[in-house]
Amino acid sequence: MKKCYRRLTAALCSAALLCPGTFNLTAGADDPAQTYNYDLWDEAVPSQAGYIAERSVSGTDLGIKGFDEPSDIFCDGETFYIADTKNDRIVTADADFTSAGKVYTSFTMPDGSATALSKPRGVFVSQYTGYIYIADSENDRVLIAEKDGMVVSEIRRPDSELYTAPTFKPQKILADKAGNVYVVLGNITTGAAMFAPDGSFAGFYGANRVQPTSERLGSFFKNLFLTEEKKSRKARNVPTGITSFDIDGDFIFTCTSSSSQQTDTVKKLNAAGRNIFAYYSATFGDYTPVYDSTRNIAFSPSITDIDISEDGCINCLDYTTGRIFQYDEECNLLFITGARSNQLGGFTSAAAVESRGERLYVVDSVKDTVTVFRETSFGAAVHRATSLYNDGCYEEALEPWYEVLRRDGNYRRANIGVASALLRKGDYKGAMKYAKRGGSPDIYNEAFEGWRREFIKRNFAYITAGITALAALLIFRRRRRRRLSAAEKDTGKEEAPT
Amino acid sequence: MMDLSERQWVKHAVTHPVEGFEDMRWKRSGSLKIAFLIVILLFFGQIFHSRLYGFQFGMPPEKTFNVVPYLVKSVVVFAAWTAGNWAVCTLLDGEGTARNICIYSAYALVPYIVQLYINVVLSHILIQDEAVFMDAVSLIGTGWSVVLMFSAVRTVHQYTPGKTVLAIALTIAAMLVMLFLLVLFLSLIQQIWVFISSVYTEITYRIRT
Chain X
1 MKKCYRRLTA ALCSAALLCP GTFNLTAGAD DPAQTYNYDL WDEAVPSQAG YIAERSVSGT
61 DLGIKGFDEP SDIFCDGETF YIADTKNDRI VTADADFTSA GKVYTSFTMP DGSATALSKP
121 RGVFVSQYTG YIYIADSEND RVLIAEKDGM VVSEIRRPDS ELYTAPTFKP QKILADKAGN
181 VYVVLGNITT GAAMFAPDGS FAGFYGANRV QPTSERLGSF FKNLFLTEEK KSRKARNVPT
241 GITSFDIDGD FIFTCTSSSS QQTDTVKKLN AAGRNIFAYY SATFGDYTPV YDSTRNIAFS
301 PSITDIDISE DGCINCLDYT TGRIFQYDEE CNLLFITGAR SNQLGGFTSA AAVESRGERL
361 YVVDSVKDTV TVFRETSFGA AVHRATSLYN DGCYEEALEP WYEVLRRDGN YRRANIGVAS
421 ALLRKGDYKG AMKYAKRGGS PDIYNEAFEG WRREFIKRNF AYITAGITAL AALLIFRRRR
481 RRRLSAAEKD TGKEEAPT
Chain W
1001 MMDLSERQWV KHAVTHPVEG FEDMRWKRSG SLKIAFLIVI LLFFGQIFHS RLYGFQFGMP
1061 PEKTFNVVPY LVKSVVVFAA WTAGNWAVCT LLDGEGTARN ICIYSAYALV PYIVQLYINV
1121 VLSHILIQDE AVFMDAVSLI GTGWSVVLMF SAVRTVHQYT PGKTVLAIAL TIAAMLVMLF
1181 LLVLFLSLIQ QIWVFISSVY TEITYRIRT
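Protein chains in written order, with the numbering used here: chain X, 1 to 498; chain W, 1001 to 1209.
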């Protein structure tokens, strides 16, 4: 009886461990984040943490007055720039993020007069021109200044026929190599406003598309029969606007925080404004909406900020869950970090994300802090393997991938990486094994082709002998049967007369 | 003439799409046992085709194996076909009995089932570039089964070709009606069950207090 009871508890324990979806395994007792990843069937499985919250930095930690609703962070390599919105200032911090540097509250106009900021929401520093670009939202302007505080130029609401909106509220800002300025504006759904280096309006850039749903299709047919008056009172079909963006070399990455839209949540735009991710079958954010049982609401991901790290990884900050989803340049999910909580490593209202080297910096506009995440050794292994793999050095990536697999056997990308490397090396059997685990029929196909070729080469003699023997057997049987039936007929004839 | 064993009759019916079933009808042959065996083979064939397929042609569609969809796709659909065909053709002056409809329909499925098994084996020998051979096998097997099914329905009820087409269309409609009734029935049963269980809970609460 006792034995039976013990067996039952063992079974229950293993069932609880195996049961998917109910895991509560956290990386550490002090880490509020549930680190997980998605398996072949797009189900969440526990995984190792790629980043771990190191510390949370407030304004007073930096030696200045505390932040008040900070909304953007930018790093130009050595210095951090934080748009401290409610304090009407831009704060700089050193590379270690331990002490504040210069704090910009007002700038000097070319004519010598001082001009104060009002609710700056976005900040960007161009590595090409060296200017600071500020989305000075309540002043309805974009301020371009030198680092010593001298204003270079100012962009206000363009006086153009193309620009029809009455307001001009810059939210986020960046500048490209050529000095063109891109501004995300509040309440504008036609994309980011683009300004030439001389400050003239050059049109909109990278508008999102309307999601093609059955509702949209239905309203299209309905509109055919509606009068103009009725049409004007209906809800309009407009795409969601861009929420934030980041630039990496020649490409601009945009994101939208709409939780109702599934298309164009994250885009990679080239200079012509074409979306390179349009043909990727990638989903950004959680696959299945997070369900909050206390409030009976399902939260869809709402990607509020995007950042491209130096090695090309894409960090997407999800406002609803407070999670950072990191993807490699091919849109493969690497890590999920962060949570919605009050502890270190969780956010109440995640606003912006920035990366520098092996660290991630996330701004929370309600907690008024910047949380610093450090890459774990697991994260470092994955990053090393991924960058080698994406550069095409499959064989060099083999060791890092094995390292990743030793730490997390469920890590799907690692299986694919190992399969590709083994395929390149000519170990077809091994490549087939890992391709199967990684869920890549295409790599399996190539490996199988190689394995089949080698198998036939090795066993050619046996195969030909087998086929010949089979053919001989068939011919022999047919002949014998024919002979037998002929004999039967003969006997039948003989018997007939009697 | 035509003194064939039951197993030979299967071969004869399958390899003679036009006359095979007529011969079988004439000799009053066909075994219900073999028909059931064929349906069971269809069931396993579908499982193998889904779960044991070569990995280079795609991943198994679901993470955990569930037998119910396969049971529905083979046994239940076949039963619905037989019942529907019997019901429709009784009204349309068909001569077939339920037993014969079952036997003839099952025999007509043989090429399709063979195709399933052949493709499972081929999928472990061929690569993606050679998938056209498997498509060909699948097309031939399925097409042959369709022709045989037509012939089976025509023979078992002694219909003209036009009436056979009508009967098949009505049979499919009957299957859909059955599906509809099943869903209706299940939802009703569920509601009754909810009612009974809530009454039971109510009573247990009363007793306790």
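Calculated directly from the structure, the hints in this document are not laboratory data. C-beta: ideal position from N, C-alpha, C; glycine also. It cannot be assumed that every hint is accurate.
Quick look at which bits of chain X chain W covers, simulated, 3 or more residues with Cβ under 8 Å [as the list claims (entries may be wrong)]: (1) 40-51; (2) 432-440.
DSSO-like mimics (lysine-lysine), calculated; alpha carbons at most 30 Å apart, straight line [what the hints assert, rightly or not]: (3) W/1063 - W/1073; (4) W/1011 - X/489; (5) W/1011 - W/1033; (6) X/119 - X/367; (7) W/1073 - W/1011; (8) X/147 - X/177; (9) W/1073 - W/1163; (10) X/102 - X/222; (11) X/436 - W/1073; (12) W/1027 - X/436; (13) X/489 - W/1027; (14) X/429 - X/65; (15) X/436 - X/425; (16) W/1163 - W/1011; (17) X/433 - W/1063; (18) X/429 - W/1063; (19) X/86 - X/65.
Pair by pair, the computed Cβ-Cβ distance ranges are [said to hold, decoys possible]: (20) W/1132 - X/236: 29 to 35 Å; (21) W/1130 - X/282: 28 to 34 Å; (22) W/1140 - X/288: 51 to 57 Å; (23) W/1136 - X/310: 51 to 57 Å.
To see whether the hints hold, each was checked on the structure:
Only residues whose beta carbon comes within less than 8 Å of a beta carbon in chain W count, and the region 40-51 of chain X has 3; three or more means the coverage holds. Coverage of a stretch by a chain is defined here by at least three residues with a beta carbon nearer than 8 Å to that chain's beta carbons; for the region 432-440 of chain X and chain W the count is 4, and the condition holds. With a CA separation close to 19 Å, the supplied pair residue 1063 of chain W and residue 1073 of chain W stays within the 30 Å bound. Proposed proximity of residue 1011 of chain W and residue 489 of chain X is supported: the alpha carbons are some 23 Å apart, at most 30 Å.
For the hint linking residue 1011 of chain W to residue 1033 of chain W, the alpha-carbon distance of about 15 Å falls within 30 Å, and the restraint holds. Taking the CA atoms of residue 119 of chain X and residue 367 of chain X, the gap is near 18 Å; set against the 30 Å cutoff, the hint holds. In summary, the hint linking residue 1073 of chain W to residue 1011 of chain W is supported, as the alpha carbons are separated by about 25 Å, within the 30 Å threshold. For a cut-off of 30 Å, the pair hint linking residue 147 of chain X to residue 177 of chain X stands: about 18 Å separates their Cα positions.
Pair hint residue 1073 of chain W plus residue 1163 of chain W holds up; C-alpha atoms about 27 Å apart against a cutoff of 30 Å. Under the criterion of a C-alpha separation no larger than 30 Å, the hint pairing residue 102 of chain X with residue 222 of chain X is inconsistent with the structure, at around 58 Å. As the CA atoms of residue 436 of chain X and residue 1073 of chain W are separated by approximately 27 Å, the hinted pair is consistent with the 30 Å bound. Under the criterion of a C-alpha separation no larger than 30 Å, the hint pairing residue 1027 of chain W with residue 436 of chain X is inconsistent with the structure, at around 52 Å.
Proximity of residue 489 of chain X to residue 1027 of chain W is assessed by CA-CA distance (about 23 Å); at most 30 Å being required, the pair is judged to hold. Between residue 429 of chain X and residue 65 of chain X the CA atoms are separated by roughly 62 Å; this puts the pair beyond 30 Å, and the hint is violated. Restraint check for residue 436 of chain X and residue 425 of chain X: the C-alpha separation of about 17 Å stays at or below 30 Å, so the hint holds. Between the alpha carbons of residue 1163 of chain W and residue 1011 of chain W the distance comes to roughly 27 Å, so the proposed pair stays at or under 30 Å and holds.
Distance hint between residue 433 of chain X and residue 1063 of chain W is fulfilled; the C-alpha atoms sit about 18 Å from each other, no more than 30 Å. Straight-line distance between C-alpha atoms of residue 429 of chain X and residue 1063 of chain W comes to about 24 Å, which keeps the hinted pair within the 30 Å bound. Only pairs whose Cα atoms come within 30 Å are accepted, and residue 86 of chain X paired with residue 65 of chain X is accepted, the gap being roughly 12 Å. Distance hint check for residue 1132 of chain W and residue 236 of chain X: the Cβ-Cβ separation is about 49 Å, which falls outside the suggested range of 29 to 35 Å.
The hinted window of 28 to 34 Å between residue 1130 of chain W and residue 282 of chain X holds, with their beta carbons roughly 30 Å apart. Between residue 1140 of chain W and residue 288 of chain X the C-beta distance comes to about 41 Å, which lies outside the given range of 51 to 57 Å. Checked against the hint of 51 to 57 Å, the C-beta distance between residue 1136 of chain W and residue 310 of chain X comes to roughly 52 Å, which is consistent with it.
The earlier numbered hints that this structure contradicts are 10, 12, 14, 20, 22.
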